[in-house]
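Asker: Residue strings, one per chain:
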Amino acid sequence: MKRIAVRKTTSKGIVAGRVFLHKPMALKADTALVGKDSVGGEKDSFLDAVSHAKAQLSELAKVSDIFMAHLDVADDPALRESVMGKIENELKNAELAVEESAKEIAALFEETGDGFLAERAQDVLDVCSRIMRCLKGVGGSGFGPIHEPVVLVARDLRPSDTAAMDKDKVLGLITANGGETSHVAIMAKGLGIPAIVGVEGIDNEVRDGGGIILDAVEGTIILDPDEKTLEEYGEKRRAFESRRETLSRLKGLPATTTDGHTVGLAVNVGSIRDAQEMVAHGIRGIGLLRSEFLYMEGSSFPPEGDQFAAYKACTEIATDGVIVRTLDIGGDKGLPYFRPPKEENPYLGFRGIRLSLGNPGLFRTQLRAILRASAFGKIRILYPMVSQVDELRQANSLLAECMAELTAEKAPFDPDIKKGVMIETPAAVMLADDLARECDFFSIGSNDLTQYVLAVDRGNLKVAPLYDPFSPAVIRSIARTVEAGHANGIHVHLCGDLAGNDAAIPILIGLGLDGLSMPGSLIPEARYVIRNTSMSEARALALKASSLQCASEVRELILGQGTDAQGAPGNATGKGGPACP
Amino acid sequence: MVTQEVLITNPSGLHARPAHRFIKLAKSFKSDVFLDTGQKQVRCDSIINLLLAAVKPGMTVTVRAEGEDERNALDELVAFLEGLAKSEAEPE
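Protein chains in written order, with numbering that gives the first Met the number 0: chain A, 0 to 580; chain B, 0 to 91.
Treat the hints as calculated values from the structure; they're not laboratory data. Take these hints with a grain of salt, some might be off.
Computed from the model, here is a short list of chain A residues facing chain B with C-beta under 10 Å [to be verified]:
#1 A77
#2 F115
#3 Q306
#4 A312
#5 I316
Rough simulated footprint, nothing fancy, chain A against chain B, three-plus residues with beta-carbon under 8 Å [claimed, not checked]:
#6 13-25
#7 64-77
Where is the CB? At the ideal position from N, CA and C, for every residue including glycine.
Extracted from the complex, chain B is given alone in its bound form (with noise of 0.2 Å):
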């Protein structure tokens, strides 16, 4: 089992767009991939549960991965929710 935390900074969260493509990230792993956000822990292969966790700008969340390719996982994940900040910046 790995894991990691990461400072969530995009403006939005992990709100409608963001949710689907993590969710969907996480699914492509074997491992299956956690979020804590000290108040709510949630299985991401549910976007339903990961929207209820409500995850807001500011907060610091711990992403945990448990498999064979937990590894590989638990960087693509972290490097995704670090890149929301970069990717909403850009002008729409």
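So that you can see chain A by itself, here it is in the shape it has in the complex (with noise of 0.2 Å):
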């Protein structure tokens, strides 16, 4: 028996079975030259390979888009001049040429360095090799037929291998390659059958025919397993699948707890990906738009105009709204083409709000854009790292500055736009009643709140332990940031990995915060958790947490409800933090 931990899963589930390992059928291309006189046959071949291939596609193309890429691919003039060119130029014949334009097409899509147009290198590999057997006058896929459900694995699958492949009978699937957004990525998924992707030399590790277990929940794959483990992963199994049927049953419904109070539930974005996943999971609302990702791509800042546009798309996917946190830089977090001052101690440095007040320009094109891009949905503005209250004026005096300026441009926006302070510094939760009267909504950043409050830069080592969203210094200070928003009558959000985590999510309603934010794919589990709590119980959870002195009694408490405390995000499986003497 043998166990491999795997980091990242792609499609959530346990299975058991045999292995089918898929071996993919090498081409190689002849790689005799030809003689000029050759030069037309070699290239009426690729045209003639290239029409079967066609052909091919487009039968396969009424049961999959994907072939419908696949042609478009094999009709490219890009490919054909390649091809065309080496056999012409190099006298090639059309095998070696169309295997060497493959090559160097795939490579320039791999060299983009972004994750979609990289793995498009997998479509076009596959319909040259499409082509390839055409040439070679070879049937079939390469893929071999299937006898008994089976756990597949390969190093790649590529479009052509999964149509060719009897998908009743594969009860999973691991590949060694590919990424997210790979084809087999996305196939998994929409099978709904259990998946990792990206492990790194596993069709050498895997015996053809020999037993495993792939738990693509917590991402572990277990070979030749024996009948203890086999059936200690069958209950597993069991209980994670009557899990998720009672969780997408809740699917739309709203987190409502038992006793009728419901809590805003939205995510956090920070990629397009983040954006179209939400709709998955039956959200309309971005708690947290990081805008940071319009900065990554490009060269420059991102001009008023993409910015507005980029925050117009967003509100068109999030009708329920989207707030936007102004940009969030600093010393450790930089962006390619402009890099903030190497400071000593980067966290307590020129950063968030006060890089933005420190570069207006800058800060007055985001609010522009935001402004703008409020005439068209529902949209809120978030200044991130307040620590004083006259970052939060100076602030909103140059939103108003910029509202003049459209107003004099006839440009149209939402003059009652909300205001928010992210609360995550010791002073705003301090300074939380007099900031709440200058602003419209609070959003508690856990994870920084936690590091401020707690001293910890939990990426050091030696005191990374002591970083523990559940210490009381750090669920007091939720309570007191909530009892202050309240009294003067705004909203209070928390967005940071606190809000995914299943175990603190009683907690955190009892504190009485308005709306969670976390990652879309936590949504369905703390959909399920708020809709079997009382809010009259959550209450007198939050009181006994806030009245306690150890962040380990606090996980005590919150073990003895009973809740699922494996809620990874936060840590709270009672291991973790310092220990109450």
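Mind docking these for me? Both chains are given alone in their own frames, and the hints should help you get the complex.
Answerer: Written out as structure tokens, the structure reads:
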């Protein structure tokens, strides 16, 4: 028996079975050069092979869209010119020309460094190997028949392979190559079968026909499991499946407690993919738009028009509203074209709102773009890293100036746009009452708040165990912020890892938080927890937690409630965190 | 020759499916169609070149058409790009 731990799973689920090892049929090109007089013939055989390949692809395209894209590639003038050029000028035979062109074009896609585009290299290689098979006159896809339900293991699985395989007999998938956006990853999610992609060397580890357990929940692959392990995983699988069944029935339902109190759920978005994933979880609100991602691409600060378009696009997807956090960079987190000066202690340095106020031109561009987008959808502004009331005032007065400019330019915007403060420093907690009077909402950033309240750098291994969002110091900071917000009639949300920690959720809603924002994948579980919690119990729990002295006691309290405290993000396993003497 | 700038606003840019539809539309005209991202200029008969141009949301691209039906081609292609944001906002 051998266990392989994997960091990231692709499509969740647990399955046990036998390995079906798929080895692609290696087609080597004939390497002989051709004489000038054969150039025409080689070109003709290439064109012939392309039309055969296109005929096959047209058939496949009737069942799967991916082959529409393959048809485009087979027909692509860039590919054709490359192959023709190699035959004509370098006197290569058609097979060799196709093989080389495929590699060159695939390399261009891989060099882009863009995950999505890099995956398209596989499409090019797949189409070219189809053309190659046509050139060699060999049929089939090279995918052998599967006779019984199996766990399929392969180095790569290309669309042609998956089209040819009998999907009903595939219980689970493991590939050595491929990323989150690979064809195989998308297909596995679509089919709802457990899968892990990108397990380097797995095709050399497994034995064809050998026993295997694929746990794509925790990220474990077990080769040749014994009876006891099989039984253990059988249990795990049943528990997982019934849980998933329960969660999926809740999709689209509000996160309402058993006694009728509804908590707003929204997602944190740091890329377009995140925004799209949100929709899949039945959520239409972005609780934290990390605007940095707009600044990461390109070679200079994005102009107002580009930012405007991006914010507007987000409001079109997130019809319940978008909270845009203004640029949050600093000495530890720069941009490819803008490196803030190195600082001795960047966490206490020129970052967040400090950097924005120090670069008013930059800040205005962003504020104007957000304002213009506010004419088209629900959008709110969130200032990060505020530690002084004056910072909020300065930011608001810049915002007012931008509004005056837009009014003069007759550009539409929402004059009542809501401004919020990110509560992530102890100073902001202490001043919450004053800040609340001059803004429209609070969003607690639990990660930074934990770091600053506890004065712990969680990247520093020596002190990392002290980083614990369950510390009463953090819990009481949240409680104080909520109180100050509500006393002044404003909403208080929490974004950050804690919001998605199912063990923490009862305490958080008990503290009175109006909304929680988390990565989209954590939404179903959070919704489930809230729908099975009563507000009165949650309040009692929160009150108790606020009165405790140690993080370990808070954890004990949670475990005592019978909550599943295995929410990975906040590390609520009862193990971590400083012990209470 | 006619040209027009378009701001790409749909969240996924000109990725697989929209790129396929864009090429198909571009090829339906007699005119030669080009797309210029400022960094790369590509002829819109090649999905490979179009994808490699990495058209992303927030980018302003210039569409150029040359030929007898250039006006018509340009209008329809620009409308297609502008319509992408709308179609992607629909729930799947």
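Asker: A separate judgement is required for each hint: does it hold in the structure or not?
Answerer: Going through the hints against the structure:
no.: 1; hint: A77; verdict: 4 Å, holds
no.: 2; hint: F115; verdict: 6 Å, holds
no.: 3; hint: Q306; verdict: 7 Å, holds
no.: 4; hint: A312; verdict: 5 Å, holds
no.: 5; hint: I316; verdict: 6 Å, holds
no.: 6; hint: 13-25; verdict: holds (count 5)
no.: 7; hint: 64-77; verdict: violated (count 0)
Violated hints amount to a single one, hint 7; each of the other numbered hints is respected by the structure.
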